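Protein chains in written order, with numbering that gives the first Met the number 0: chain W, 0 to 256; chain E, 0 to 659; chain B, 0 to 249.
Source of the hints: derived by calculation from the structure; they are not laboratory data.
Model, not experiment: these values are computed from the prediction.
One thing to keep in mind: the hints can contain errors.
[As the list claims (entries may be wrong)] Stretch by stretch, here's where chain B covers chain E in the computed footprint (C-beta under 8 Å, at least three residues): (1) 124 to 131; (2) 279 to 292; (3) 390 to 397; (4) 501 to 510; (5) 553 to 562; (6) 628 to 636.
C-beta: ideal position from N, C-alpha, C; glycine also.
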Amino acid sequence: MINKSQMNSLGQSLLNFWRSSIGKKLIVAVTGIILVGFLLAHMAGNLLVFQGREPMNDYAYFLHHFLHGAGIWLFRLVLLGAFVLHIVTTICLVRENRAAREERYACEATVKASGSSKIMIWSGLTVLGFVIFHIFHFTVRVDPDLAAMKDPLDPSRHDVYGMVIAGFQNPLVVLFYIIAVTLLCSHLRHGVASLFQTLGFRSEKTRVAIGYLGIAIAIILWLGFLSIPSLVTFGLLEDKGAAIEHSSHSTASLLKC
Amino acid sequence: MASNGSLDSAIPGGELSEKWTNYKSKANLINPANKRKYKIIVVGTGLAGGSAAATLSELGYQVDCFCYQDSPRRAHSIAAQGGINAAKNYQNDGDSVYRLFYDTIKGGDFRSREANVHRLAEVSVNIIDQCVAQGVPFAREYGGLLDNRSFGGAQVSRTFYARGQTGQQLLIGAYQALEKEIAKGGVTMHKRTEMLDLVVVDGHAKGIITRNLQTGEVSSHAADCVLLATGGYGNVFFLSTNAMGCNVMAAFRAHKRGAYMANPCYTQIHPTCIPVSGDYQSKLTLMSESLRNDGRIWVPKSAETAKKIREGQLTAADVAEEDRDYYLERKYPSFGNLAPRDIASRSAKEACDEGRGVAKTGLGVFLDFSDAIERLGEDTIRARYGNLFQMYEKITGDNPYKTPMMIYPAVHYTMGGLWVDYNLMSNVNGLHVLGEANFSDHGANRLGASALMQGLADGYFVIPATLPNYLASVEPGTVTTEAQEFVEAEKAVKDRIEKLLSINGKRAVDSFHRELGLLIWDKCGMSRSKDGLEEALERLSEIRKEFWENVRIPGSGEGVNMELEKAGRVADFIDFAEVMIHDALDREESCGGHFREEYQFTKNDEDVKSGYTNEGEAKRRDDEYCYVSAWEYKGPGEKPFLHKEELEFENVELAVRSYK
Amino acid sequence: MNLTLKVWRQAHANDTGSIETYPANDIPEEASFLEMLDIVNERIIEDGGDPIHFDHDCREGICGMCSLTINGVPHTKDSGITTCQVHMRKFREGDTIWVEPFRARAFPIVKDLMTDRSAFDRIIAAGGYISVRTGSAPDANSIPISKDDANDAFDAAACIGCGACVAACKNASAMLFVGAKANHLNKLPQGEPEKDKRVLGMVRQMDAEGFGNCTNQYECEGVCPKEISADVIAKLNRDYAAAATREAVE
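Next comes chain W alone, as it looks inside the complex (with noise of 0.2 Å):
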């Protein structure tokens, strides 16, 4: 029963919602929202990787350099911040979700579930390893060859059109790299339209365009980042004026990090 006085408490709320389980749904909905957002403008950036290495590595200056350089660190700060929340409490709810029910069934079956949304939190693990792995090799660039790629056009800055190009020379990056998106696809397909629902627009007019979202954007962002591994694998993307020469020993032995 909840009375007036445990009303009054703003701290008690916010804490009453953090424990309920629809409070941390509605966590993992709203954060799940920014990640969309965020892999939705991450892909049309790289997408900007056909159009050459000028309008790719242009964008890639302004990411750094908007607020004077203080923008990317706000905009990695809330991705951070939505990432670990999203997470933190992703797994809080499959701990609690794996006590309620002590005793499984001798004979399991399921009438409705989708493949994707039985095996949310192994996507999600994975995507979070190959998060971490990407930021090593893209971001962070531990490689110290694709960390000294300058942009032949303007040494004074990275030359990240060049870097992608060689960062997917190796077939085992590439690899992980469509394993990885294939599950983080597989992810949003559930993920998507299980945020609506989790919000409460889900409803007997919306329910069939909900789940067709969920899957397009789904697709769109598994053509969309992998049409570039892909085409490089395959030699349809090249980098005509490479900076440095590529070294596939280097990036191999990014793969241990």
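Assemble the complex: chain W is given as a structure, and chains E and B must be docked to it using the hints.
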């Protein structure tokens, strides 16, 4: 052997229409501060028990509530489909409190108490208000107002309904009110707990003995009065539309402790049930009587054709219109397929007895929607009866949109029950009986959509007003479970459990129940005769003997033991059946749910000659049998003693019931 | 028909329990699933064994008491029916059928296939009602309610409280049950005044009972014998967000 000395029905004086108002103005009240000192036991959480427990707690009494199910929401009121009557006259079709009263009295074949029935009709309007306020989602018209439909035995539309789940919705309303009171602490709920005895101290009901069905623990509960709302005894027939757990134990235990059992021979056979298909069957499924609004009931005119249908050589569609006998429309042109339940049921039996039944077993008639589908379209029929059609298809595997349904009567409701006065108090002081468990409002036959009305009337409106009348006369909390009567009753209950467990025979409880049910259905079902009833009495004592020598109950009294629960109930059904048969034997007339083959109209009767009624219709004998039979328990195997409450009709004229 | 049953047997709440095998021979096709168990039980009793305990009462799909998980699916794979409405004609000669209780931490096993679903009662007691003192109600037609709203409220109110939604959910979440009741009452003007209190109260009780969280797989909707749509969960989420916000700031 009969007397009418000790039965005071406590009917208030004055004009019929003012009795209840006068009563309420003059009845004793209890000061709010004193109410919490009184403890009330309510057994059963159906419409009557649930609504009574919730309302009494709201008023400030302490309530101890018991049900055998795992939740109070599961009581069998939940299965009522069709609707609930109320004299709201929202349809402007001429309904009134008087008309509802008159229809109920007439429908009950003039064997109920005028004052009780009039009160029922009066409070019917409050019930609808109460339930709507609780959020019961009754059907509505496009303008947002409540919708009504018509029901058997009435020529006005006064039935409020919530699709085919009216009982469920009303019960959930009462259950929610009950849960609210449980949360507040006014009601202590005892689930999975069965009442095994009533405790009477100095002539007053002061408590009950229960067994916790989960732990097996037998315990005593003391209170200032006891309310039984434990439903009917339809499961004495084994196959009925009642839930598997419905039983007569609480009422019968009270009967053994001195409460009179009234009119037990009045049992209602519902005309629209799915026919029996084999001896493995555990229960019968009813389909709402509302189906009779649009469905037409028929059998082939010739037994020859019927035989071919049974053998699968012909289908319903092969029978030409002129070869069909729409027997209800033929015999009762003004009511047609909406004739009251007893009449519709008996007509089906007659048709099948003539060899014109169409189900494989020979016991089934068609309920045909093809005309209605042609007239209104399949969509309209689906909107009205979709869930019922679906249910039929699930059970039988046949699609009623394509082929006619098959139906046959089944035991559905029992009008008889513990005798109560106007206060709903039995002849045992402090023992009040509500809903189907009492005998009071439906006479010899109940009209459709009236059971829900009575259950809620008793629980929400009648008992809260009448109970203080009794409570004001007793000191609260005078008796505790330390009393000798409790100790003895608890010991007797434990001994009986021990005895049942120690028999260790060969037959499962169900096999006895099935045997009992078949016997009662054959001899004391849709039609009864002196010879048959006497034979049944003999067979009953054989079944009882065999039961107590050869029943097998595995396990112990500790923890859950469903066989033990069933055994206790079946043992009481066997004893109860004896009272029922004595009552059927005593009542040498036909009325409502009690049809004695010896008493029916013949072609020589004036009313038949004049065309007012038909040959073979039930023949009442008002000069000799216009009374309530109230049976007093006289010991095991002894014939119970008959008390008579003469029925006086001051406001209606006793007439031959005609639905032509 | 001749079948093999794999049945969960557990003598009492604290017993570990295990799957036992029983033959079910000469079963009539027209029998219901529970009648098949009755037949098996009658044979077990006559052979001196302890019958298989299961909850059941009305046997017409409305009381919500029957609660078996058949071949891994609560009630059955066919939509819109309860255990007691499953008929043997749906099975084939020689089938092996797995029969287990409704499993959830919040539904502890009482014996064999019987569980204790009192948690649902406590959730209703925490707000699943409209407070109206008997006798104080206005005339029933004084508050018109559109037919659509009445229908929506009814769709949600059709819940029979059987717990199949919980049993089917991999997280043993009770969101469909809670959503159904919240929607039934919140949809009606009568339920409006207590809406926030109801939603917060029921959800908190649900969490306290140890049910899991909804992860939007809609298994609950798939097994619900009354085919209640998971849309009620969406609305509950929305109502909860609004109620929690109002609780925090107002």
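Against the structure, the hints come out as follows:
Taking a C-beta to C-beta cut-off of 8 Å, the segment 124 to 131 of chain E contributes 6 residues in contact with chain B, enough for the three needed, and the coverage statement holds. Judged by the Cβ-Cβ criterion of 8 Å, the segment 279 to 292 of chain E is covered by chain B as claimed, because 6 of its residues qualify and three suffice. A count of 4 residues in the segment 390 to 397 of chain E with a Cβ less than 8 Å from any Cβ of chain B is obtained; the coverage claim is therefore met, three being the minimum. Only residues whose C-beta sits within less than 8 Å of a C-beta in chain B count toward coverage, and the segment 501 to 510 of chain E has 5 of them, enough to reach three; the restraint holds.
Counting residues of the segment 553 to 562 of chain E whose CB lies closer than 8 Å to any CB of chain B gives 6, so the stated coverage by that chain holds, three being the minimum. Counting residues of the segment 628 to 636 of chain E whose CB lies closer than 8 Å to any CB of chain B gives 0, which falls below the minimum of 3, so the coverage claim is violated.
The structure shown violates just one earlier hint, number 6.
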